[in-house]
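Residue numbers (the working numbering), protein chains in the order written: chain A, 1 to 477; chain B, 1 to 476.
What the hints contain is simulated information worked out from the structure, not anything from laboratory work. Cβ atoms here follow ideal geometry from the backbone N, Cα and C, with glycine treated the same way. Errors might be hidden in some of the hints.
[Stated by the list, open to error] Here are the simulated distance ranges between beta carbons:
| # | chain 1 | residue 1 | chain 2 | residue 2 | range |
| --- | --- | --- | --- | --- | --- |
| 1 | B | Thr437 | A | Arg97 | 23 to 33 Å |
| 2 | A | Leu426 | B | Val274 | 55 to 65 Å |
| 3 | B | Glu427 | A | Arg416 | 35 to 45 Å |
[Claimed, not checked] As a list, the in silico DSSO-like pairs of lysine-lysine whose alpha-carbon atoms are at most 30 Å apart:
| # | chain 1 | residue 1 | chain 2 | residue 2 |
| --- | --- | --- | --- | --- |
| 4 | A | Lys278 | A | Lys392 |
| 5 | B | Lys358 | A | Lys153 |
| 6 | A | Lys195 | A | Lys258 |
| 7 | A | Lys473 | A | Lys355 |
| 8 | A | Lys185 | A | Lys429 |
| 9 | B | Lys348 | B | Lys358 |
| 10 | B | Lys348 | B | Lys152 |
| 11 | A | Lys153 | B | Lys465 |
| 12 | B | Lys465 | A | Lys185 |
[Unchecked claim] A few chain A positions that, by computed beta-carbon distances, are all more than 12 Å from chain B:
| # | residue |
| --- | --- |
| 13 | Trp123 |
| 14 | Arg147 |
| 15 | His159 |
| 16 | Leu167 |
| 17 | Phe259 |
| 18 | Phe412 |
| 19 | Val447 |
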Amino acid sequence: MLLSAILLPVILAPFAYFFERWAKYLSLAAGAFVTLIGAIMWLKYPGHGFAFEEFYPIFPQWDFNLHLGVDALSIALITLTGIIAILVTLSSWNMPRQGAYFFLILVFLGAMVGVFASLNYLWFFIFWEFTLVPMFFHIGIWGAEQRIYAAVKFFLYTHLASIFLFLAILLIFINTGHFDFIAIKQSNIPLELQKVIWLLAFIGYAVKMPVVPFHTWLPDAHVQAPSPISVILAGLLLKMGAYGLLRWNIELFPQASKFFIYLMLAIGVITVFHAAFKALYEDHVKRMVAYSSINHMGLVLVALATLTAVGISASIYEMVAHALIISLMFMVAGYIHHITGTWYISQIGGGLMKKVPFIGVLYMLGALGALGFPGTAGFIGEVTAIYAAVEKFGWTMLVLPFSAVLTAGFFFWAIRRMIHGPESELVKKLHVHEIPWVERIPLMAYVALFVFLGIFPAILFNFINNYANTLGKVLGG
Amino acid sequence: MNCVIFSGLLFLSFGGLLVPIIGNLFKLSKEWILNLYMLVFLIAGLLFVYGFGNGHPLFPNLFTTDTVSLLMTLFVWFTGAVVLLTIYNTLKDVENLPEILGVFTISLSGAIMTLYANNFVSLLVALELMTIPSYYLILARLNIITLESATKYFFNGALATGFYLLGLMVIYSIAGSFEFSAVNKALASADHLGLIYFAFGFIALLAALGFKLSIAPFHFYAPDVYTGAPASVAAYLAGIAKSAAAIPIIRVFFEAFQFQKEDWAILLAILAVVTMTVGNLLALAQQNVARILAYSSVAHAGYLLVGFAAAASGLAVTGIVYQAAAYVLMKAGAFLIVTLLIYYYGIKTREQLRGFAKVNPFMALVFTILLLSLAGVPPTAGFIAKVYLFQAAVDAGMAWLAFIGLLNSAFAVAYYLWIIKEMYLEEPANISKPADTGFVIPTAAVGLLAALTILFGIWVTPIVKASLAFTQLLPF
Chain A
1 MLLSAILLPV ILAPFAYFFE RWAKYLSLAA GAFVTLIGAI MWLKYPGHGF
51 AFEEFYPIFP QWDFNLHLGV DALSIALITL TGIIAILVTL SSWNMPRQGA
101 YFFLILVFLG AMVGVFASLN YLWFFIFWEF TLVPMFFHIG IWGAEQRIYA
151 AVKFFLYTHL ASIFLFLAIL LIFINTGHFD FIAIKQSNIP LELQKVIWLL
201 AFIGYAVKMP VVPFHTWLPD AHVQAPSPIS VILAGLLLKM GAYGLLRWNI
251 ELFPQASKFF IYLMLAIGVI TVFHAAFKAL YEDHVKRMVA YSSINHMGLV
301 LVALATLTAV GISASIYEMV AHALIISLMF MVAGYIHHIT GTWYISQIGG
351 GLMKKVPFIG VLYMLGALGA LGFPGTAGFI GEVTAIYAAV EKFGWTMLVL
401 PFSAVLTAGF FFWAIRRMIH GPESELVKKL HVHEIPWVER IPLMAYVALF
451 VFLGIFPAIL FNFINNYANT LGKVLGG
Chain B
1 MNCVIFSGLL FLSFGGLLVP IIGNLFKLSK EWILNLYMLV FLIAGLLFVY
51 GFGNGHPLFP NLFTTDTVSL LMTLFVWFTG AVVLLTIYNT LKDVENLPEI
101 LGVFTISLSG AIMTLYANNF VSLLVALELM TIPSYYLILA RLNIITLESA
151 TKYFFNGALA TGFYLLGLMV IYSIAGSFEF SAVNKALASA DHLGLIYFAF
201 GFIALLAALG FKLSIAPFHF YAPDVYTGAP ASVAAYLAGI AKSAAAIPII
251 RVFFEAFQFQ KEDWAILLAI LAVVTMTVGN LLALAQQNVA RILAYSSVAH
301 AGYLLVGFAA AASGLAVTGI VYQAAAYVLM KAGAFLIVTL LIYYYGIKTR
351 EQLRGFAKVN PFMALVFTIL LLSLAGVPPT AGFIAKVYLF QAAVDAGMAW
401 LAFIGLLNSA FAVAYYLWII KEMYLEEPAN ISKPADTGFV IPTAAVGLLA
451 ALTILFGIWV TPIVKASLAF TQLLPF
């Protein structure tokens, strides 16, 4: 079943290329298929450990086997992958050169499911690295003005980071003789070596998440990418980093994780505030959202750094919430650029609400979600993350809510300057393009989903609680 | 070498000898000559496949038969057929095409023979059989550039042979035999003076074989020769000949000079670091696509050396074999694409490649796959080769070497990616569509090589199994 979720998109990909007219429907079907698989697994998941395991021996002597298996964490993220794939396809309904575009989307989707489902570290790395290739072309071909610079920087930067992860994987294999998650977990690696491996892998994951000081590729890549691809980058690619950190570092090496607890915390807190201040300073609509995205991932890292059950479930929740909220913000920022022809808030100069109320309302809803307004998923994510941090590290962590204040600051300031107010010269002259109804669906779906999750957080929390508790016990004991 | 393989080799070399004569006698057209060569390749290939596990061993003192040589034979043979096809397509206008193809076939039989060499003399014979015809191949189109290239290659080859004979002489004077196993035995019982002699011989051999692999500081000829020669010939020299030479070098290092494993590791590691860094840095500075690939082949020789430096690890041989097998496919394939680019589109530099994906999407895709494999991006054979090589380095306690190698390969991505960037992301320059559509068949053939790099990036079993069986034969 898991293998079909990886292979089906990849097999459909060439068809999408050659039958250009059907490409988007194929992509939609593949997204729906992955969502369906995710939903089935969600419902049938026995509640603990790895389930739905599949084992395809390729070269057992070298432990090079495609070992697939999922637990609550992976199922939640695979389902998210499917949903985001559907919504991204709808958002890209009118993309130029659809054959190639959806070919790359489908290939990416397969690799993405592979990342979340693989229990073999080498296969995980293969999928992980391969996701760079479609993203490179997506950014480079369909991106904005600086797309080529951004695409090359994205590829080189993340590839360079991956060599640290790769070295960590090699060290693990040399010392245990295994790539397999379960086998590595059972083998005894000396603590000192664990720390080295942990740190090397952490660099790889930190770049992907990204956290300060490894975040500089993100604003370029996200800003230059077309909006649907920004959604994929923010909604899925960044999750890979957090997922890898949780699964392959914290879960695998609890002792080493405890040693690096303050490193993670420090980086997380610095990320949160650095990104928030950077966003405050930004005049670029999309760049502001990109920094807000880094800000949220910083919070995910802070929640992970607690290494408690509460913190881990908070971080998973925050990952999902971030995917939904930031995706909406990226799409809306893209539409604002599309409508006004400029990226800069100061050039737009206010009054968008009168001209394009749909976009204005969505921008405000997204901003409310991002700053953690009660009733949205952002609120639950931030509250639980901050609660976990305070519980573990004491009252000093009460500085974290101030980042929400900063977020509120830059988003409301942007709303004040761009959405509200009297119509500026530029906005008055605007010739408004209607957003096609197909592309409206995903926008409203994001809002519906994050509000739904914000009102019924238990749906996600109940599902991942067992995972977080088990892991929290291991880390606590 | 067993008799079936040997008959396949004879078929290749005599085919190369006789087909031009038959063509002249019967006034055959060029198409028919190609068909005859393809027939020769087909029969030789069937014999090679049949030779797996069948046949009586021949000349046990000169040649051996093992899984790696059999497997690499198939790789070299298949890639050789694709190169032959491309040489035919891009040198069609040359008058003595039948002879060029014949010389190529003979040289290829030499390349295959090196895979089996078990003795310093048979290795020399095989290497010369591979190298001497290639001087003629470089001169397929006689002009000042190919002349320079052929002269450089000739003098460097002669120098390498000189070093080889020097080392051979010294080793023979102590061991009293040319056989690898006998040399190994003599080493085990050598006294202090004997060891010094052996060390001297080893260094001379290292220099000679370093020329063949284009290891720094013996790499200076490589870029000039590979860019000066017709690119299809460069595909043979850089892709097939170099990889084929890697297998006997495994035997020389691991079988004959077993003693060097720890003692020489640091020297080889430094050579590896220098070679890959020099290759990658110089490749970054190039404009000419063939030159980029030429310098990248120097860098790949460096990765190969990582395997030799990590000889203490049991994974090293697998890494070297995997790298050699992957390298045949991807390097020869990439050079063949360059051949087609030059011949059909007149594209030589990166800038001229702008927007090429819109002109010929299939060729661009094949080139992209091959470049990604060279860069070591999964799931390709190049990636698995790097996994094994760097794993061996970590296993041998040289994690620093693995780290430098990985850093190098990460920086190397820049110039491969740059070519891909020019093809896909930039707006098209004025690339005129060729009137001749003869590129379709060779491109499809190179596409097969690209498909194989992906296949062996996932299905690692055949190569790794073969090399593990081979490792057990070596005296560890």
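- request: List in ascending order the numbers of the hints, as given earlier, that are violated by the structure.
  value: The structure conflicts with hints 7, 8, 11, 13, 14, 15 and 16, although it agrees with all the remaining ones.
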